[in-house]
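**Student:** My request is simple: use the sequences and hints to build the entire structure.
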Amino acid sequence: MAERLESLLRDAFPDAAELFVEDRTGGGDHFQVTVASPSFDGLPLLDQHRLVNRALAEPLRDGTIHELRIKTRGTTT
Amino acid sequence: MSELSDRIRDVIENEPVALFMKGTPQFVMCGNSDRALRALREAGAPVTTVDILPDPAIRQELSELSGWPTIPQVFVKGELIGGADITEQLAGNGELTAMLEERLGAGYRDGAEEHVVDVVSGARA
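Residue numbers (the working numbering), protein chains in the order written: chain X, -9 to 67; chain V, 3 to 127.
For the record, the hints were derived by calculation from the structure and aren't laboratory data. Hints are all accurate, no fakes.
Derived lysine-lysine pairs resembling DSS-like cross-links, with alpha carbons at most 27 Å apart:
1) V/Lys24 with X/Lys61
2) V/Lys79 with X/Lys61
3) V/Lys24 with V/Lys79
**Tutor:** In structure tokens, the structure reads:
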């Protein structure tokens, strides 16, 4: 399941400098995603997280993701 | 517009700090809701919580209003701040306190109380 999330994120952030998905509990529904991408440069944190939520809209909607933790940053800082 | 969405809107617009969470402060049902609540409490915020679990429609209406898909959701003076990660991050770097002072006034901690609103019945405690 982590692979599916990672591939959705790679599609959304093809130029990511850092991108990984961790299954926090091993149960396939609690995830920590970390993305560093130039897409986030200059964006408020709220909007950075909105982009990640949008990329993961489907697994969020269909209940695949029970709990999501997001860590984002741009690449200029 | 449904009565439920009117009540949700009312909480967002009129409570200084609103936290939509799973469970109540006395009985938190999710780790992320707990993290957001802790961060707000540590900042001394006057938190009004809404439990989204009693009716799936609450979460649906809320996410439609906010454009944010996950729970918890934190609003300050009607504006979405984010979920647990953003709230924790802002608390950790001092921005949360600065934001609360700017939007609620420097003395926001004085007499700060916690409230619980039931958006199904409209009760506020």
